[in-house]
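Guided by the hints, dock chain B onto chain A, whose structure is given.
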Amino acid sequence: MFISKLKQALICLKAGRVTLPYPYKPSPPPEGFRGKLKVDIDKCVGCAGCANVCPPGAIEVIDFDTGWRRMQFHLTRCISCGRCEEVCPEKAVTLTDQFELSTNTKEDLTVAIEVYMDTCQRCARCFKPQHPLDKMMVTGFRK
Amino acid sequence: MFSILEKCFKKSIWVYHTNASACNGCDIEIINALTPFYDAERFGIKLVGSPRHADALLVTGAVSRQVCPRLKILYESVPDPKLIFAIGSCATGGGIWFDSYNVVGGVDKVMPVDFYIPGCPPRPEAILFGVAVALGLVDKKVAAEYLREKGFSELIEQGQPATENE
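In the order they appear, the protein sequences are chains A and B. Throughout the first sequence, residue numbering follows our numbering, covering 1 to 143 in sequence. Throughout the second sequence, residue numbering follows our numbering, covering 1001 to 1166 in sequence.
Calculated from the structure, these hints are not laboratory results. Zero decoy hints are in this set.
Taking lysine-lysine and the DSSO-like style, the derived pairs with C-alpha atoms no more than 30 angstroms apart in a straight line are:
no., chain 1, residue 1, chain 2, residue 2
1, A, Lys-38, B, Lys-1141
2, A, Lys-91, B, Lys-1141
3, A, Lys-14, A, Lys-25
4, B, Lys-1140, A, Lys-38
Quick partial rundown of chain A residues pointing at chain B, CB under 7 angstroms, derived from the structure:
no., residue
5, Thr-19
6, Tyr-22
7, Ser-27
8, Pro-56
9, Thr-76
10, Arg-77
11, Ser-80
12, Glu-100
13, Leu-101
14, Ser-102
15, Thr-103
16, Asp-108
For glycine and all other residues, C-beta sits at the position ideal for the given N, C-alpha and C.
Chain A extracted, bound-state conformation (with noise of 0.2 angstroms):
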């Protein structure tokens, strides 16, 4: 038994330390790591394509009266399942790899962003405008 015991030891001695130093060191996480979405403003054309798609329905669209669109992404329910940046026709939604989102407050993982829209002048709904020029004549702002 104390032979066993000596060779238990000489086992935990070769493997060495094995605990990962991670709040001191940062531990990047594997390739292709679906993390916290991210929204490029100038890319986003307002489709609501992500919208339709995102199962948990993390992302609101809110249609105001003079040709804004304000998008929410609710980051407490996002789920990462990427389905929101496979359907992007611009690409404006990625999925960076990080994973460090804990907070006190519920109001930090909400992202808005507002894109210019043109209106239907007969269902006043948004629409993306006829020319990128009129959307680059706005932009928007983001939270």
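Only chain B this time, still in chain A's reference frame:
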């Protein structure tokens, strides 16, 4: 006396793990964070078997109607001061089931939550990071990062709403 207690509280957090109708993904990650590879015990984090011994509650899952009264009893049986961690997307905002008929939709509708750790499931590193934020070892990284990129670091210190024209 209170300062000594505060010091001790930071050095040894005993956690009680609660599954409030989660899918077990977050629970496996919590147990993974307690293994020797991640070694949460170097921060004094220890899993206990009774809520009466615990300082912190780790709650996972969108709270269903059936588990809601039990969770309230559990919250009352943890002695003060206590920390509540909502772990996973379901616990923070309801996840996929946020508007389902049989869930309450998030732990914060049942009891006051101190720290949210979103992710589906969160990595064990993310859970450790959340505990480190709770203990004051590191600053939180969301909401402030964008402003820091753009050079608005003074806004972060003042804690103003993060609006900015491009």
